[in-house]
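Protein chains: 2
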Amino acid sequence: MKVAKFGGSSVANATQIKKVGAIVKGDSTRKFIVVSAPGKRHKDDFKITDKLIELAIQHNQNKPHKNLVDTILNRFSEIIDELNIQSNIVYELEQSIESILNSKEPDLIKMDALKSLGEDNSAKIISEYLSSIGLHAAYLNPKDAGILVSNEPGKAQIFRESYDNLKTLRNEEGIFVIPGFFAYTMDGDLVTFSRGGSDITGSIVAAGVQADLYENFTDVDSVYAVNPTIVNQPKEILTVTYKEMRELSYAGFSVFHDEALIPAFKAGIPVCIKNTNNPNAPGTMIVAEKKPNEKCVVGIASDVGFCSLYVSKYLMNREVGFGRKLLHIFEDEEISFEHAPSGIDDMSVIIRQNQLTAEKERKILKRINDELHADMVKIHRNLAMVMVVGEGMTSTIGVAQKATTAIAEANVNIEMINQGSSEVSMMFGIQEIDINRAVQSLYTTFFE
Amino acid sequence: MKVAKFGGSSVANATQIKKVGAIVKGDSTRKFIVVSAPGKRHKDDFKITDKLIELAIQHNQNKPHKNLVDTILNRFSEIIDELNIQSNIVYELEQSIESILNSKEPDLIKMDALKSLGEDNSAKIISEYLSSIGLHAAYLNPKDAGILVSNEPGKAQIFRESYDNLKTLRNEEGIFVIPGFFAYTMDGDLVTFSRGGSDITGSIVAAGVQADLYENFTDVDSVYAVNPTIVNQPKEILTVTYKEMRELSYAGFSVFHDEALIPAFKAGIPVCIKNTNNPNAPGTMIVAEKKPNEKCVVGIASDVGFCSLYVSKYLMNREVGFGRKLLHIFEDEEISFEHAPSGIDDMSVIIRQNQLTAEKERKILKRINDELHADMVKIHRNLAMVMVVGEGMTSTIGVAQKATTAIAEANVNIEMINQGSSEVSMMFGIQEIDINRAVQSLYTTFFE
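Chains as they are written, first to last, in the UniProt record's numbering: chain A, 1 to 448; chain B, 1 to 448.
Misleading hints may appear alongside valid ones.
Any copy will do: because identical chains look the same in the list, a pair fits if it lies in one copy or spans two.
As the list claims (entries may be wrong) - Below, computed lysine-lysine pairings styled on DSS-like, alpha-carbon distance capped at 27 Å:
{"no.": "1", "residue 1": "Lys291", "residue 2": "Lys43"}
{"no.": "2", "residue 1": "Lys402", "residue 2": "Lys291"}
{"no.": "3", "residue 1": "Lys40", "residue 2": "Lys110"}
{"no.": "4", "residue 1": "Lys40", "residue 2": "Lys402"}
{"no.": "5", "residue 1": "Lys360", "residue 2": "Lys43"}
{"no.": "6", "residue 1": "Lys378", "residue 2": "Lys325"}
{"no.": "7", "residue 1": "Lys266", "residue 2": "Lys378"}
{"no.": "8", "residue 1": "Lys402", "residue 2": "Lys295"}
{"no.": "9", "residue 1": "Lys19", "residue 2": "Lys47"}
{"no.": "10", "residue 1": "Lys110", "residue 2": "Lys47"}
{"no.": "11", "residue 1": "Lys378", "residue 2": "Lys295"}
Think of the hints as simulated: they come from the structure by calculation, not from any bench.
Just need the whole structure built from these sequences, with the hints factored in.
Have a look at this one:
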């Protein structure tokens, strides 16, 4: 039995939803369908969720928002008309919007309620449509599915009871269409996951019902071995482990919400990334373990926008606690660090640059001088991180050699290497301006 | 004006001390002479300091120690006889030993007092000898030199006032012979530096009197580019910066006490490592800055006896404070870490293996599980660290490529790479059994 999750582009209009219908109909083991809100139909289109957020903000600021409501309703009307299904969905949606806007709830609660409407109505439409093509399908609200979460609007965390509740659905008749992205607290209040959270719902459902496979339908045939905006038509990844996927999605691979892998990972459910527009393509399988093969590098990830804060102090390594104190200063400013490589008398803390506001920078530098009495502190901005990812890499002789040779051949200076902390990746820090050359050269070395 | 420090082998017997005399006489700018206790005369010989420590321990345990006292006295007698100088030194030394052993001071104080006798009497003998060959030389006790330290027996720390006190000696007449290794607290109590601390005294004196050069006389012509027990007759290093020397001396280069560089470094006094047995060899200069040259790698250091503790937890990098908490656990067990490279969901803490007793290991593993809820913890023992050291390395394209190629060609797997935290070194973690092959291959690549 499978859980199939369809992303925004897969449910963007009637044409796409018909493809979803064919996919669900084509495999009777696809029993749990999790859906996103309608996404973009073309590059310059809007996403329903963005319009709902805009609506919440406009209303909050007492600005006119009738146009927004119309845009949202029209989009759903159009889908329903083209799918040729009978329903009160648009009328009920209008009533829901009205009632949320007029309620006396706090703004955060209203925001989450509005945001949920995209997925919720998408699920209602799709269950109607699946029924209309002869499937025994029903809409299932997350509350009725028993998906319980913490009371943290916009960043809900799953409660363990949810999995037991979901498990009871295994033996129910028919197909369930469940809206992604939101769930309910113990008190019955609606809250949403973080953005892109339909992936999380899908993963939770897959773990709960103990699916044989969690299919994640998107608009690409597979995960690519490298960012396709840097390398033309890169190789597709057929199989990747959870650990590899996690490293890839961290740096530039945005195909999959990184938090979403956890429930599937913990329950050992394999995940398949597939294309709604080309469902016969094999897609990319995400699994716990894969057979070792001679090519241990599975992908090259890259991302920009990092900076490093370098601290040097003579005899630093004799001071028990220096590194810990340095990291504590960042923690106090609520800055999470990516890496903290240390030498004998030096330590660098690599962070995402956007976390370091001028105010925080001033505070941190002051504390490093006042409390740690550093000899020197330097900030190095506009760094890019390139990660070469693959299981078994650390036990294969010569991978570092190949990678550093590729980077040197691209005439790129390596500012930083971090290998060995992760068992499945090797990280290189370079200047942002060098990123394309370095990644292209690495791709050529490992994949061509 | 120069400060010349002579190590244990340089003052081990009369023959060596005569060389010291010739060196001091040969350059009238050598005004401050700092000396160690007599060291080994040949490979299987004993060091006076070791006998003094043994004496303290035997006495403390109420064990017979007359033989030890005789051995110590005989060694000094022999030196004095062969140098053909008149003195009461041996008689006074015997009285000193008696009086320390019979005193009511705490054991730690007695220990430091006994340990200091080696250097103290070495200095007295050498000043007598220098006078006997026509030099205007005088013994100068560290108390009279104004060298003031903290009251930490066996690990005294210098007080800043010392430098001002020493400065006044610049304009005094003649040559001063100062015993290394010990100094006095504000209350006038004798305490020693850490072992090998004569280098520290020399460096402090050089900084205080604002010497033009601090000469450190040993039994090697220079610092070598690599450990001579791994590579036969390696190249000599002519010039090295303080920073490079610090990295080199950290891992395997034991020629110079690492703490000893600080006073010279802070005062900007260049240091020269020279050979008492071949004083005309140029030696190795340690300086603040050197001219950039095409060969940026100055040396390859290596050391064994490390282990890494690997911690993995899904979504670790979202947990602000994880790294800091992990390091705190080590700090609580008084274990200093060497490196702590971190990946996205992984962090490794590299420590010197001898710090991890079974008891501490048990405690640390328990806390990592109980407090940090790690998914996996693994301990990886018997690691070696190899460091490629050189200023300007991090801004030279291709150094990492050369190094990783050399290691791969030696058929050695790289467990860990740490580059970029230090501006002058690149660190590789490998298995201990691979160390010779890896170091030999790196040496060939960078020096042949």
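Going down the list of hints, with the structure as the test:
1. Neither within a single protomer nor between protomers do Lys291 and Lys43 lie at most 27 Å apart by alpha-carbon distance, with minima of 39 Å and 55 Å respectively.
2. When the C-alpha separation of Lys402 and Lys291 is checked against a cutoff of 27 Å, the pair qualifies only within one copy, where the shortest distance is 22 Å, while the shortest distance between copies is 32 Å.
3. With identical chains, the CA atoms of Lys40 and Lys110 are at most 27 Å apart within one copy only, with a shortest distance of 24 Å there and 83 Å across copies.
4. For the homomeric pair Lys40 and Lys402, neither the shortest alpha-carbon distance inside one copy (41 Å) nor that between copies (49 Å) is at most 27 Å.
5. Taking the shortest Cα distances, Lys360 and Lys43 never come within 27 Å of each other, neither inside one copy (37 Å) nor across copies (58 Å).
6. Taking the shortest alpha-carbon separations for Lys378 and Lys325, both the intra-copy value of 17 Å and the inter-copy value of 25 Å come in at or below 27 Å.
7. For the identical chains of this complex, Lys266 and Lys378 are inter-copy neighbours only, at 20 Å across copies versus 41 Å inside a copy, given an alpha-carbon limit of 27 Å.
8. In this assembly of identical chains, Lys402 and Lys295 lie within 27 Å of each other by CA distance both inside one copy and across copies; the values are 12 Å within and 23 Å between.
9. In the homo-oligomer, the alpha carbons of Lys19 and Lys47 lie at most 27 Å apart inside one protomer (19 Å), although the nearest pairing across protomers, at 87 Å, exceeds that limit.
10. Taking identical chains as interchangeable, the C-alpha atoms of Lys110 and Lys47 lie at most 27 Å apart only when both belong to the same chain, with a minimum of 19 Å there against 81 Å between chains.
11. Proximity of Lys378 and Lys295 under a CA criterion of 27 Å is satisfied inter-copy only: 26 Å between copies versus 39 Å inside one chain copy.
In the structure shown, a violation is registered for the earlier hints numbered 1, 4 and 5, in ascending order.
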